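Chemist: Counting the sequence shown from 1 gives a position; our numbering is that position plus 310.
No lab work stands behind these hints: they were computed from the structure. Check the hints yourself; a few may be wrong.
Claimed, not checked - Below, in silico cross-link-like pairs of lysine to any residue (SDA-like), each with a Cα-Cα straight-line distance of 20 Å or less:
{"no.": "1", "residue 1": "Lys394", "residue 2": "Phe432"}
{"no.": "2", "residue 1": "Lys639", "residue 2": "Ser590"}
{"no.": "3", "residue 1": "Lys453", "residue 2": "Arg833"}
{"no.": "4", "residue 1": "Lys628", "residue 2": "Ile599"}
{"no.": "5", "residue 1": "Lys453", "residue 2": "Gly794"}
{"no.": "6", "residue 1": "Lys383", "residue 2": "Arg373"}
{"no.": "7", "residue 1": "Lys383", "residue 2": "Phe432"}
{"no.": "8", "residue 1": "Lys628", "residue 2": "Arg657"}
{"no.": "9", "residue 1": "Lys628", "residue 2": "Pro576"}
{"no.": "10", "residue 1": "Lys628", "residue 2": "Val608"}
{"no.": "11", "residue 1": "Lys711", "residue 2": "Pro658"}
{"no.": "12", "residue 1": "Lys496", "residue 2": "Pro476"}
{"no.": "13", "residue 1": "Lys625", "residue 2": "Thr673"}
{"no.": "14", "residue 1": "Lys628", "residue 2": "Gly679"}
{"no.": "15", "residue 1": "Lys545", "residue 2": "Pro576"}
{"no.": "16", "residue 1": "Lys660", "residue 2": "Pro721"}
{"no.": "17", "residue 1": "Lys438", "residue 2": "Asp694"}
{"no.": "18", "residue 1": "Lys660", "residue 2": "Phe719"}
{"no.": "19", "residue 1": "Lys639", "residue 2": "Glu372"}
{"no.": "20", "residue 1": "Lys496", "residue 2": "Glu458"}
{"no.": "21", "residue 1": "Lys499", "residue 2": "Gln480"}
{"no.": "22", "residue 1": "Lys394", "residue 2": "Gln433"}
{"no.": "23", "residue 1": "Lys639", "residue 2": "Gly619"}
{"no.": "24", "residue 1": "Lys453", "residue 2": "Ala731"}
{"no.": "25", "residue 1": "Lys820", "residue 2": "Leu487"}
{"no.": "26", "residue 1": "Lys820", "residue 2": "Asp776"}
{"no.": "27", "residue 1": "Lys545", "residue 2": "Glu477"}
{"no.": "28", "residue 1": "Lys496", "residue 2": "Ile514"}
{"no.": "29", "residue 1": "Lys820", "residue 2": "Gln461"}
{"no.": "30", "residue 1": "Lys628", "residue 2": "Pro721"}
{"no.": "31", "residue 1": "Lys625", "residue 2": "Arg646"}
{"no.": "32", "residue 1": "Lys625", "residue 2": "Val567"}
Said to hold, decoys possible - Computed spacing ranges between beta-carbons, pair by pair:
{"no.": "33", "residue 1": "Asn676", "residue 2": "Leu421", "range": "15 to 25 Å"}
{"no.": "34", "residue 1": "Arg752", "residue 2": "Thr434", "range": "21 to 31 Å"}
{"no.": "35", "residue 1": "Gln361", "residue 2": "Gly572", "range": "53 to 63 Å"}
{"no.": "36", "residue 1": "Asn676", "residue 2": "Lys545", "range": "37 to 47 Å"}
{"no.": "37", "residue 1": "Val550", "residue 2": "Pro476", "range": "14 to 24 Å"}
Predicted model, so just to flag it, every value in this text is computed and none were measured. Beta carbons are placed, not taken as given, at the ideal position from N, Cα and C, and that holds for glycine.
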Amino acid sequence: MNKAVFIGTGSSILAVMAIRFAAALLAMSLLLLLLMPSVCAGEEPAKSGKQTETERGRELSERYCSVCHIQPKPDEHDAATWRKHVFPLMHRNARMSELDPSRSEEEREALSQWRLVWEYYFQTAPVKAIPQGRRAPIHRDLKLFAIEDPQYRRQICYATMVKIDPETQQIYVGNALTRSLDVLNKNGKGMASTKVDSTLTDLIRLPDGSWLGTQIGMVVPDDRPLGRITLFTRKGIQFVQVRDVITGLVRPIECAVGDLTGNGAPDIVVCSYGNLTGVSGKLAWYENIDGAGYEEHVLLDKPGSTRCGLVDYNKDGKLDIVALVAQAKEGVYIYRNEGNGDFTELRPIKNSPTWGNVGMQITDFNRDGHPDILTANGDMGDFDCPPKRYHGIRIYLNDGKWNFTEAFFYPLNGAYDVKAADFDQDGDLDIAAISFFPDYDRCPEESFVYLENRGNLVFDAHTFTDCERGRWLTMGIGDLDGDGDIDIVLGAAYMTPFRTTAELQERWKKEGPSLLILRNNLRAEGQNQTR
311 MNKAVFIGTG SSILAVMAIR FAAALLAMSL LLLLLMPSVC AGEEPAKSGK
361 QTETERGREL SERYCSVCHI QPKPDEHDAA TWRKHVFPLM HRNARMSELD
411 PSRSEEEREA LSQWRLVWEY YFQTAPVKAI PQGRRAPIHR DLKLFAIEDP
461 QYRRQICYAT MVKIDPETQQ IYVGNALTRS LDVLNKNGKG MASTKVDSTL
511 TDLIRLPDGS WLGTQIGMVV PDDRPLGRIT LFTRKGIQFV QVRDVITGLV
561 RPIECAVGDL TGNGAPDIVV CSYGNLTGVS GKLAWYENID GAGYEEHVLL
611 DKPGSTRCGL VDYNKDGKLD IVALVAQAKE GVYIYRNEGN GDFTELRPIK
661 NSPTWGNVGM QITDFNRDGH PDILTANGDM GDFDCPPKRY HGIRIYLNDG
711 KWNFTEAFFY PLNGAYDVKA ADFDQDGDLD IAAISFFPDY DRCPEESFVY
761 LENRGNLVFD AHTFTDCERG RWLTMGIGDL DGDGDIDIVL GAAYMTPFRT
811 TAELQERWKK EGPSLLILRN NLRAEGQNQT R
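Work out the full structure, taking the sequences as your base and the hints as a guide.
Modeler: Put into structure tokens, the structure is as follows:
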């Protein structure tokens, strides 16, 4: 087990234009490493006399690509995307230009097999991207929420984190451009600002009233270990950095806190997204060593961890670890707590490396006592390509035996975060979702969607007028004004040009809001709303 001790020295987004897809396909670059030894050893896939090049390419793809992840299907992209974007990335990442076919038979055969794999994708992928499946239409008639623009730091915000604190009725904002943790009152007026070392992507209140902040280090893809987990306290309305409790992380995004060993001391689970290299990102838990520091225990030694949570899935009194993972072997990972600091890895939900996992919440949708999993997959920040039909919101129901079944899918291009709560207080869970990469040409309503639960996982879809006035990267929910219902805050970022129209870019440049408050009208009006 990889261990290191971090001693305090007196120290959601997913706020990245993450290169999940390119990095996931980097696993395919191991194809080259696999091809070369197999050729040298004379181990080639069986060939029939009438086998076409396409058939051979499919065979090679099945053999090699599936070693590192689920084999991507050709129809997950259109042919032009495979050819113009994915192939050049992989050719560069796999360092294929360093091979010389005149040098040896092994290199000639490796290049030949490489070409066959890619020709298989080029020739069998659809000319046009397969369109989205049917879904409930999104109506611009949302009445449950009043839309408020707090005029917070217009045009100088990159909101990598927004949190609602119901206890103080305040909004906390991680601003990447100013490297600050800002405090706003319930109306969105700035009250205080604290400089931070890099950029906050997560903030958790601890039982003793202090706060644990996740600082990503570098928002853009990078392998330098600049990320850290920082302890904060408050003096009045101001946040104050106390010390870093964990350092040397590569782009950590989120953490969870709980007693994993049963000794009464809170431990920390950290999702370090990392970048491309296999040693930079990881999912790890940090054991609290009698308050003197934290000992690292690596659970998943690969980049791509995006979300994590703690829940006792089998009701044995021990907290299990749940993580959403992007890149290569995408999916949901559960680490069953066996006691004494030991965990068993389970992979109940497996996704393609093109999936773009980015958002997760653990909650009981069908109220059977078994926590279910809500996910959003829609990250596509690598290059401009057509929308992906498999992007969207999914509910996986838990049968109580470590099995999860997809029970609901709502197609949503570029889905980036998702939150479930009983917003209309009718006894079931509704869903709020944002998209950072909506199909602005055909359906800008995808920017924000409120899915109202009608029962039995049947949802009506609504949004507010002019929902595309901002490009929403982050979302927080909670009772902001103390009236007993759940409000929403949206955080914006405008740094990525993909999938936008020229008109929208010009509008955002002039008047794009940094935040919007969606204030729940349910209690304020003293009556139930149907939408």
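Chemist: Next step is simple, just say for each hint if it's right about the structure.
Modeler: Consistency of the hints with the structure:
1. A C-alpha spacing of about 10 Å is found between Lys394 and Phe432, which places the hinted pair at or below 20 Å, so the restraint holds.
2. The straight-line distance between the Cα atoms of Lys639 and Ser590 is roughly 16 Å, inside the 20 Å bound, and the hint therefore holds.
3. Note on Lys453 and Arg833: the hinted pairing holds, with a Cα-Cα distance of about 13 Å set against a maximum of 20 Å.
4. Only pairs whose Cα atoms come within 20 Å are accepted, and Lys628 paired with Ile599 is accepted, the gap being roughly 18 Å.
5. For the hint linking Lys453 to Gly794, the alpha-carbon distance of about 18 Å falls within 20 Å, and the restraint holds.
6. For the proposed pair Lys383 and Arg373, the alpha carbon gap of about 13 Å is at most 20 Å, so the pair holds.
7. For a cut-off of 20 Å, the pair hint linking Lys383 to Phe432 stands: about 11 Å separates their Cα positions.
8. For the suggested pair Lys628 and Arg657, the alpha carbons sit about 19 Å apart, so the restraint of at most 20 Å is met.
9. Between Lys628 and Pro576 the CA atoms are separated by roughly 13 Å; this keeps the pair inside 20 Å, and the hint holds.
10. At most 20 Å may separate the alpha-carbon atoms for a hinted pair to count; Lys628 and Val608 meet this at roughly 19 Å.
11. At most 20 Å may separate the alpha-carbon atoms for a hinted pair to count; Lys711 and Pro658 meet this at roughly 10 Å.
12. As the CA atoms of Lys496 and Pro476 are separated by approximately 9 Å, the hinted pair is consistent with the 20 Å bound.
13. Of the pairs offered as hints, the one joining Lys625 and Thr673 holds, with about 15 Å between alpha carbons and a cut-off of 20 Å not exceeded.
14. At most 20 Å may separate the alpha-carbon atoms for a hinted pair to count; Lys628 and Gly679 meet this at roughly 16 Å.
15. Restraint check for Lys545 and Pro576: the C-alpha separation of about 23 Å exceeds 20 Å, so the hint is violated.
16. Distance restraint check for Lys660 and Pro721: the Cα-Cα separation of roughly 18 Å lies within the 20 Å cut-off, and the hinted pair is therefore satisfied.
17. Distance restraint check for Lys438 and Asp694: the Cα-Cα separation of roughly 14 Å lies within the 20 Å cut-off, and the hinted pair is therefore satisfied.
18. At most 20 Å may separate the alpha-carbon atoms for a hinted pair to count; Lys660 and Phe719 meet this at roughly 15 Å.
19. Taking the CA atoms of Lys639 and Glu372, the gap is about 15 Å. The hint holds against a cut of 20 Å.
20. The straight-line distance between the Cα atoms of Lys496 and Glu458 is roughly 11 Å, inside the 20 Å bound, and the hint therefore holds.
21. Between Lys499 and Gln480 the CA atoms are separated by roughly 10 Å; this keeps the pair inside 20 Å, and the hint holds.
22. Using a Cα cut-off of 20 Å, the hinted pair Lys394 and Gln433 holds, with the two alpha carbons roughly 14 Å apart.
23. Our distance criterion of 20 Å between C-alpha atoms is met by Lys639 and Gly619, whose separation comes to about 19 Å.
24. For the given pair, Lys453 sits about 17 Å from Ala731 by alpha-carbon distance, which is consistent with the 20 Å threshold.
25. Using a Cα cut-off of 20 Å, the hinted pair Lys820 and Leu487 holds, with the two alpha carbons roughly 17 Å apart.
26. With a CA separation close to 15 Å, the supplied pair Lys820 and Asp776 stays within the 20 Å bound.
27. For the hint linking Lys545 to Glu477, the alpha-carbon distance of about 16 Å falls within 20 Å, and the restraint holds.
28. With a C-alpha separation of about 19 Å, the suggested pairing of Lys496 with Ile514 holds against the 20 Å cut-off.
29. For the suggested pair Lys820 and Gln461, the alpha carbons sit about 13 Å apart, so the restraint of at most 20 Å is met.
30. A distance of roughly 35 Å separates the Cα atoms of Lys628 and Pro721; the hinted pair therefore is violated under the 20 Å criterion.
31. Proximity of Lys625 to Arg646 is assessed by CA-CA distance (about 11 Å); at most 20 Å being required, the pair is judged to hold.
32. At most 20 Å may separate the alpha-carbon atoms for a hinted pair to count; Lys625 and Val567 meet this at roughly 18 Å.
33. Range check, Asn676 to Leu421: Cβ separation about 53 Å, and the 15 to 25 Å hint is violated.
34. Distance hint for Arg752 and Thr434: a CB-CB separation of about 26 Å, consistent with the stated range 21 to 31 Å.
35. Against the hinted window of 53 to 63 Å, the Cβ-Cβ separation of Gln361 and Gly572 comes to about 58 Å, which satisfies the hint.
36. Roughly 44 Å separates the CB atoms of Asn676 and Lys545, a value that falls within the hinted 37 to 47 Å.
37. At about 22 Å, the CB distance of Val550 to Pro476 agrees with the hint of 14 to 24 Å.
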